[in-house]
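Enquirer: Here is what each chain is made of, one letter per residue.
Number of protein chains: 2
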Amino acid sequence: MNIYNSENMQKIVVIGGGTGSYTLLRGLKKYETELTAIVSMMDSGGSTGRLRDEFGFLPPGDVRRCLLALSPDTSSLRNLFEYRFKKGMGLNGHSLGNLFLTALRDITGNEAKAIEEASKLLGIKGKVLPVTTNHCHLGAILENKQVVVGETNIDIPRHDAELKIKKLFLAPKPRAYKGAVKAILEADKIVIGPGDLYTSVLPNILVSGMKQAIAKSKAKKIYVCNIMTKRGETTNYKASDFVREIEKYLGEKVINYVICNNKKPAKNLLAKYKKEQADFVEPDLKNTKKLRVVKTNLLDDIHLARHDPDKLAKTIIELK
Amino acid sequence: MNIYNSENMQKIVVIGGGTGSYTLLRGLKKYETELTAIVSMMDSGGSTGRLRDEFGFLPPGDVRRCLLALSPDTSSLRNLFEYRFKKGMGLNGHSLGNLFLTALRDITGNEAKAIEEASKLLGIKGKVLPVTTNHCHLGAILENKQVVVGETNIDIPRHDAELKIKKLFLAPKPRAYKGAVKAILEADKIVIGPGDLYTSVLPNILVSGMKQAIAKSKAKKIYVCNIMTKRGETTNYKASDFVREIEKYLGEKVINYVICNNKKPAKNLLAKYKKEQADFVEPDLKNTKKLRVVKTNLLDDIHLARHDPDKLAKTIIELK
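Heads up: the protein sequence lines correspond to chains H and E, in order. Numbering of the first sequence is given in the working numbering, commencing with residue 1 and proceeding in unit increments. Numbering of the second sequence is given in the working numbering, commencing with residue 1 and proceeding in unit increments.
Bound-form chain H, shown alone (with noise of 0.2 Å):
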């Protein structure tokens, strides 16, 4: 499967969180590439909610995701740390691999260390990094003027979810990792989203110091647009709506390449999503000099509308 020999292996870093990244890292781990997740830190909810605000460590739950996404099918660590406990005072529903996360993190003291020592014990191919080692919470700001904070309540709306999202901001304001800015830096490629959009991609852009690394790297700038809306976030959005908002927080000019599914969902399964408010993306979009368009059918339909990782990590490698 390998296109590129060692000499000339791409530099490929992934910036995002939650399903998206799992799915994009899972495709691309196939490939010989030198693959780093810059991961979003700033999850809310569940288990990982939980952990945060009592130890006062920075969320694991989106790092445990790309961890088990580029770890190997046949690590027997890897069914420990995908467990979920399903009984047990307290325990019933954490992550067993979020309390590792969180173990390792109060044993080496400090997020970047707990996450290297997951990835050896995990026998991970590439790197995962947090976009920021700061704690922050992510806010936005509604068309109404509310003031939502915290990632689960934008992510799962307790407001009006008709109302759209005018401005994101991160309290309070933190700094890049260093070792995220550095892979930005030396990247070819550098692959943002898919993933929720306000929740999952924009909150790393938000971080200090990321939207200049970006913009400063020489890497083929690539958005990787979402097949189906999400309610209360990217509702009745095309994929000009995903883009303008990218480059609302990116600046314009920075992104080179926008990849979109147009291949549609069949009709039973779009008919399930209407039900949860969410719908076809269309890809609206045309080439220009500024930015490029890949339309090409990425469509893992056969239980959910969402990208097929093979098809997506593809496109990808094949993009020059």
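If you're looking for bench data, these hints aren't it; they were derived computationally from the structure. None of these values were measured; they are calculated from a predicted model. No false leads were slipped in.
The following residues of chain E were derived to be distant from chain H, with all beta-carbon distances above 10 Å: (1) G45; (2) L68; (3) T74; (4) K125; (5) Q146; (6) T152; (7) I165; (8) P172; (9) G209; (10) K248; (11) K263; (12) K267; (13) D284; (14) K320.
Calculated pairs, DSS-like style, for lysine-lysine (alpha carbon to alpha carbon, straight line, at most 25 Å): (15) E/K125 to H/K120; (16) E/K86 to H/K113; (17) H/K253 to H/K238.
Glycine is no exception: its CB is placed at the ideal position from the N, C-alpha and C atoms.
Since the structure of chain H is already known, use the hints to place chain E on it.
Expert: Using the frame of chain H, we list chain E on its own:
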């Protein structure tokens, strides 16, 4: 340090649980032997007790300690396995190793496989086997006929600690794990103890099939007597009392060797133990035709009046 070559490598089976087995195994693992730890599964206190109650699996605590004793100091998973949460609702007090074993039990479907999988992950030297895979509780009948049920209730007495234990029992009566029986039958040396007599050592012998297997085995049968007595269990016991109790459950003439420490701990250390109603165990035994008594300095008196792992292991290895 090896005094045996691989051809006549000693097959040593250690029967116990708790700190005693941990100490002994740490010493024995430095020698080239075929080492098997058979571990009591009746623990009901602390993190272990909570997991046992909430998940309905066998208690992981003693297994965890033996795995730790046999894992290489260089294993990076070791630190995690040893880690104990000191915060977190429902997490506080839990050992990550116990959570590990509980998750592995859930994933693999049985205790023996879970221990095997954990042994591989930790890269342990030797084998750890459960004495039984049947659920049971430890009970004691006191001299006033009061019945106390639950290992932790015997271990940390809430009853009158002056009352002697007249009889120990397991309910419901469990069967010995066949792997444990096999190891006993094939052993060159069987080492019983050291460890809390009624809560770590004897519970193993009460398991159906254990007494018979030990009697049948052609191995040298060695009992390692404790250095100090324990409040509520062995108050005022001398070495002869320990042996009498062992023989009460194991049968007479089964034990061939008794190893006793004959070095009294320092006075200030003894004074500290005295506050917890624990005294030095007098090595009051004499050699007989049936029972050879080895009295030697086994004391690690730097911090606690405990067995020195190396002194104890050397004594056992060199026993002929």
